[in-house]
Amino acid sequence: MDRPRHQGMAKNTNLRWRLPLVCLLWEVAMIVLFGVFVRFGAEADAHWEEEKREMNLTSDMENDFYFRYPSFQDVHVMIFVGFGFLMTFLKRYGFGAVGFNFLLAAFGIQWALLMQGWFHSFKDGKILIGVENLINADFCVGSVCIAFGAILGKTSPIQLLVMTLFQVTLFSVNEYILLNLLHVKDAGGSMTIHTFGAYFGLTVTRVLYRPNLEQSKDKQGSVYHSDLFAMIGTLYLWMYWPSFNSAISDHGDAQHRSAINTYCSLAACVLTTMAFSSMLQKKGKLDMVHIQNATLAGGVAVGTSAEMMLTPYGSLIVGSISGIVSTVGYVYFTPFLESRLHIQDTCGIHNLHAMPGLIGGIVGAITAAAATEDVYGKEGFIKAFDFTGVYQRRTPSIQGGFQAAGIVVSLLMAFAGGAIVGAILKLPIWGDAAAEKCFEDDIYWEGALPQVPEDEESDVYRMHSPDKPASP
Amino acid sequence: MDRPRHQGMAKNTNLRWRLPLVCLLWEVAMIVLFGVFVRFGAEADAHWEEEKREMNLTSDMENDFYFRYPSFQDVHVMIFVGFGFLMTFLKRYGFGAVGFNFLLAAFGIQWALLMQGWFHSFKDGKILIGVENLINADFCVGSVCIAFGAILGKTSPIQLLVMTLFQVTLFSVNEYILLNLLHVKDAGGSMTIHTFGAYFGLTVTRVLYRPNLEQSKDKQGSVYHSDLFAMIGTLYLWMYWPSFNSAISDHGDAQHRSAINTYCSLAACVLTTMAFSSMLQKKGKLDMVHIQNATLAGGVAVGTSAEMMLTPYGSLIVGSISGIVSTVGYVYFTPFLESRLHIQDTCGIHNLHAMPGLIGGIVGAITAAAATEDVYGKEGFIKAFDFTGVYQRRTPSIQGGFQAAGIVVSLLMAFAGGAIVGAILKLPIWGDAAAEKCFEDDIYWEGALPQVPEDEESDVYRMHSPDKPASP
Amino acid sequence: MDRPRHQGMAKNTNLRWRLPLVCLLWEVAMIVLFGVFVRFGAEADAHWEEEKREMNLTSDMENDFYFRYPSFQDVHVMIFVGFGFLMTFLKRYGFGAVGFNFLLAAFGIQWALLMQGWFHSFKDGKILIGVENLINADFCVGSVCIAFGAILGKTSPIQLLVMTLFQVTLFSVNEYILLNLLHVKDAGGSMTIHTFGAYFGLTVTRVLYRPNLEQSKDKQGSVYHSDLFAMIGTLYLWMYWPSFNSAISDHGDAQHRSAINTYCSLAACVLTTMAFSSMLQKKGKLDMVHIQNATLAGGVAVGTSAEMMLTPYGSLIVGSISGIVSTVGYVYFTPFLESRLHIQDTCGIHNLHAMPGLIGGIVGAITAAAATEDVYGKEGFIKAFDFTGVYQRRTPSIQGGFQAAGIVVSLLMAFAGGAIVGAILKLPIWGDAAAEKCFEDDIYWEGALPQVPEDEESDVYRMHSPDKPASP
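For the record, the sequence lines run as chains D, Z and G. Residue numbers for the first sequence follow our numbering, so the first one is 25 and each next one is one higher. Residue numbers for the second sequence follow our numbering, so the first one is 25 and each next one is one higher. Residue numbers for the third sequence follow our numbering, so the first one is 25 and each next one is one higher.
Calculated directly from the structure, the hints in this document are not laboratory data. All the pointers check out, no bait thrown in.
If several chains are the same, the list does not tell them apart, and a pair holds so long as it fits within one copy or across any two.
Under the rule of at most 25 Å between Cα atoms (straight-line distance), these lysine-lysine pairs were calculated in the PhoX-like manner:
(1) K150 with K402
(2) K306 with K241
(3) K76 with K407
(4) K76 with K402
Using the sequences plus the hints, can you model the full thing?
What follows is the structure, encoded as structure tokens:
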């Protein structure tokens with residue numbers, strides 16, 4: 025049972041020189057690029073006092089920091105604890121889940137500050153950053169964490185860093201096309217983060233298809249406590265999602281509205297998920313996999329429309345549907361994807377991010393197309409969709425069309441990018457493990473295998489229950 | 025030892041059709057009711073720009089969202105991670121603790137938005153919601169999470185949903201009587217949330233008394249790591265309690281003061297809890313049960329008075345006393361309640377919420393009665409107790425009397441409501457488990473029993489310590 | 025193997041009367057002192073309405089509560105969950121790590137409110153507190169949590185309370201000398217919190233040197249799940265560190281800038297830590313100890329300079345270096361300190377806090393010395409360094425000198441204080457355990473040893489592996 029692990033180490037997974045090289049090389053590159061390009065934005069610069077006068081701001085409270093920092097911290101928790109722990113459900117891959125997510129996200133946010141900065145905060149040869157840039161960097165990395173979910177346990181940290189480099193780049197390009205060229209609204213990232221991230225990851229895992237993966241089948245499950253660790257990730261994602269969808273919305277009513285819509289959608293999603301999780305199982309028992317994942321689909325599905333006048337009941341409807349779709353996905357689609365399409369999706373991101381992401385894009389398009397000055401108010405209407413300047417003439421229906429176009433663009437970028445990046449990751453130089461060694465921390469982590477201590481404990485058990493019969 | 029689990033399944037715990045039916049039925053009801061009644065409040069509505077002018081607000085910062093959202097998120101964490109993980113101390117009921125808490129809270133907040141909305145935010149046939157409604161919904165559900173603590177491990181998810189439906193309803197009625205009819209102050213909910221929630225739950229568990237519960241005695245304890253999971257819940261409740269008690273206080277000094285008083289009370293509570301936990305144990309060892317629960321009594325006990333001029337040292341006194349009362353409760357009252365009064369209180373909510381809740385109500389009444397214009401300042405005095413309109417003539421001593429009345433009303437509502445709901449839950453149709461199957465996730469959760477994986481691990485142990493002698 | 029634990033209990037570790045006595049005595053003292061000295065500051069007092077007029081504040085938003093409360097809550101989480109869980113990595117000391125950290129921090133914040141209050145918030149015989157005092161109290165206690173890391177598992181809770189009493193006192197004196205007498209800037213506490221706390225703790229553990237500690241070597245390691253619990257602490261410290269370093273900075277740009285610099289430094293730190301963790305291990309595997317600790321060095325190292333114009337790339341450089349220094353420290357210095365200098369540093373605070381703290385102090389001195397009116401702007405320059413009143417004539421270079429002096433003073437205070445406190449803790453009256461009983465929760469905690477439940481599980485293991493020899 026345990027043997028294979030120590031035999032047939034066909035592949036070399038010793039990263040002693042490769043991993044440090046990649047990490048240090050990229051950190052040096054970050055330092056140089058930050059040195060050349062990145063500076064503090066006006067609201068974080070010591071010249072703020074002068075700035076305030078110029079902007080006629082009466083109070084420090086008007087500094088964007090106070091509008092967005094609390095949401096930023098919530099988003100930050102979602103990226104590192106949320107995604108990190110959500111993936112600790114595997115019984116033997118907890119270190120890899122939290123640790124590699126930590127590594128790729130830490131690198132990703134630096135590269136994202138640059139990429140997104142060049143597209144959106146570039147002034148006189150400098151990228152001027154503030155709290156909103158930090159949030160956007162976390163968002164961008166979120167899409168990488170999503171893709172990581174598809175290849176969890178099957179890739180080396182180097183592969184993850186390489187994927188991060190490319191995915192952050194493609195994310196920024198796609199985001200630029202959507203937000204700037206198509207003038208699409210997507211504050212919660214249903215399209216830019218979830219649809220793009222998920223289909224990108226699914227394409228990558230398709231290219232990296234491992235025919236013999238069942239050799240590590242025994243490690244693909246969870247144990248009692250690993251499922252509880254995963255619930256920490258689930259709950260933080262669920263609780264802070266209202267902050268995620270409202271973090272970069274306009275000040276005032278938009279942020280307020282986004283939070284309410286997301287709160288409602290997520291609440292509804294939990295009930296339909298529980299309902300279908302029980303219904304689709306012969307004994308009517310609930311499945312932790314569904315509770316850990318499908319309950320979050322409601323946040324993904326209102327990512328685009330949360331800041332619009334979706335209304336609370338609209339949110340309940342969207343949340344309910346996404347919970348059902350996601351749970352059904354885990355029961356029927358995931359096995360299908362693996363057996364038929366050879367898409368091995370470790371965390372089932374197709375159910376949690378891909379499908380709900382598409383729903384989110386579509387709901388956003390419809391909500392935008394249905395917008396009226398009556399519902400938004402004359403000013404609110406223009407403000408909500410930035411129908412100013414060259415977009416003055418854009419009507420809701422046209423906006424809806426562009427929103428829909430945004431979905432298509434995101435999908436194309438994801439498939440094309442995923443295919444290319446997947447091909448690159450297929451090169452035999454990145455130190456990934458053999459099929460029978462997948463989902464096993466022991467490959468890349470010191471002391472990941474239970475040592476003397478636990479063994480000793482199992483003795484302790486014996487010692488303290490002399491009353492119990494020796495179980496033969 | 026392991027056998028009984030698979031035998032004597034007298035009761036039918038297969039919820040395959042019942043649970044989905046209830047969940048979907050209620051979600052549909054929520055959607056319809058939200059569709060008819062719930063809309064965005066002015067500060068979350070796209071008409072905010074016009075609104076701002078009417079209210080002469082100079083900045084988006086004046087939107088209530090920025091006054092309350094950070095506190096809301098802390099409260100949100102307390103309800104889902106705080107209560108959820110606090111109850112994971114049971115060795116075999118971690119999924120049920122976190123999962124069912126998740127389910128009932130997600131349903132409860134939707135129903136609470138409606139119930140509380142009809143009482144407090146109803147305008148021209150619509151319920152207009154904003155961030156404060158979200159906080160109040162979480163508060164309302166908090167009282168259900170408290171009651172859940174008393175019946176933890178002994179009820180089916182359907183029973184929990186039924187209880188949630190009724191308890192949220194009764195909570196809202198009781199809250200209306202206290203806040204609107206008696207004009208009582210209770211920002212932190214010592215009376216409305218803790219006293220009501222705890223005695224409601226205790227009454228329910230009394231009605232559902234299980235004479236043969238010792239059959240599952242072996243599962244009523246904790247294991248090393250389940251106690252650590254519970255500490256996650258404890259600490260988040262403890263750390264965020266200042267946000268809980270200040271979340272809906274008036275802007276400015278009241279919120280500021282509530283946070284400080286709660287912070288002080290909780291700090292003192294930890295010391296007296298540790299002191300008595302050690303003192304009441306022959307070997308002077310500390311008991312995790314006390315640390316996990318009694319340390320929180322300080323937050324409950326200042327729930328009513330935190331926003332008043334309780335003063336930091338007043339808070340230390342209240343916190344110290346509540347820690348002692350709560351710890352003593354765990355050592356002496358809980359066993360008494362079970363043996364004499366047949367009240368089986370799984371989490372000991374009588375010690376953590378009931379008694380401290382009563383202390384909180386009394387302290388609130390005294391603090392209110394002792395209020396003077398000198399201490400609060402002329403304006404502060406009126407603002408703190410809303411002595412405006414019809415209440416202009418109310419004096420502190422009269423207010424104190426009404427505060428005391430609030431405790432009594434909450435108790436009566438709890439006993440009456442708990443008795444009725446308990447009777448309903450006693451019906452044999454809800455799929456609860458037999459006594460010997462209580463406190464066991466395996467009944468309602470897939471793969472909750474240790475499977476091959478852990479088994480395999482125990483092999484691994486052996487394998488990797490050839491040096492160790494086969495444990496004799 | 026297991027025997028020694030139950031034999032040779034030379035020392036009396038029964039704290040039944042001693043611990044309660046100390047706890048209650050000190051809580052009573054706190055109540056008395058708070059009663060005499062502590063009152064609400066203007067912004068938390070019910071007279072706020074009048075206050076607002078006097079200060080010409082147009083909005084409640086101007087209340088410091090809204091500028092600092094979100095950061096306060098993040099800091100609060102770092103102290104209780106961050107430090108608490110970071111230390112749960114020991115396989116048999118999770119209760120002590122979280123529980124004792126909880127106890128000493130809860131006592132420490134009360135004493136810190138008084139000590140720091142007398143030095144900084146004393147007016148007309150009263151200490152007037154607000155949210156900033158709460159943050160500073162948490163900061164002060166942070167230095168105690170750091171010192172706790174060095175003696176983790178080797179001391180009794182009473183020793184920890186005694187140490188807390190003295191360390192908080194010394195911290196406040198040192199802080200007063202630095203901030204008020206030397207007029208040094210240290211918002212994130214590289215010197216006052218980390219350098220002082222770490223060297224204080226290292227000196228204490230040196231004085232308490234245990235020659236026979238290898239007797240409990242088997243318990244000094246971690247197990248799979250204890251490492252995951254520790255990652256919860258790591259991530260919360262890492263994610264919220266931007267709040268830590270910006271919590272008490274000036275309103276506006278300073279808080280904004282501190283958060284950005286810390287965010288960048290920490291991100292860079294993760295990459296260099298991973299690089300060296302892999303590089304310094306023969307098989308190139310990552311070591312959880314490094315990931316759990318060294319990744320945080322970046323936050324420590326910008327503690328002083330984060331609110332200055334360090335710039336993002338400057339932060340990346342500092343973060344990268346500190347990650348390398350810290351990781352190298354774990355691999356080479358820690359063993360050296362123990363074998364040669366007899367400094368037994370359980371958590372390796374020398375690598376996580378001491379060295380990065382010194383780096384932070386030095387970087388702060390350099391950054392301050394390099395400050396120019398051109399970079400900060402005329403007003404920003406004066407505001408950033410408080411070059412007002414008697415300090416009007418102070419130049420950046422002189423400020424840099426004083427900053428450097430601050431490091432020296434902190435070191436001297438730490439060594440002297442640590443030596444004295446260590447001597448006091450050496451007294452045989454505090455109930456610490458014998459060497460072979462160290463790192464074992466069973467001494468001070470009820471039911472910390474695996475009982476029947478897990479035993480039963482271990483049967484389950486057996487049940488599912490008929491192939492295994494029966495362990496009689």
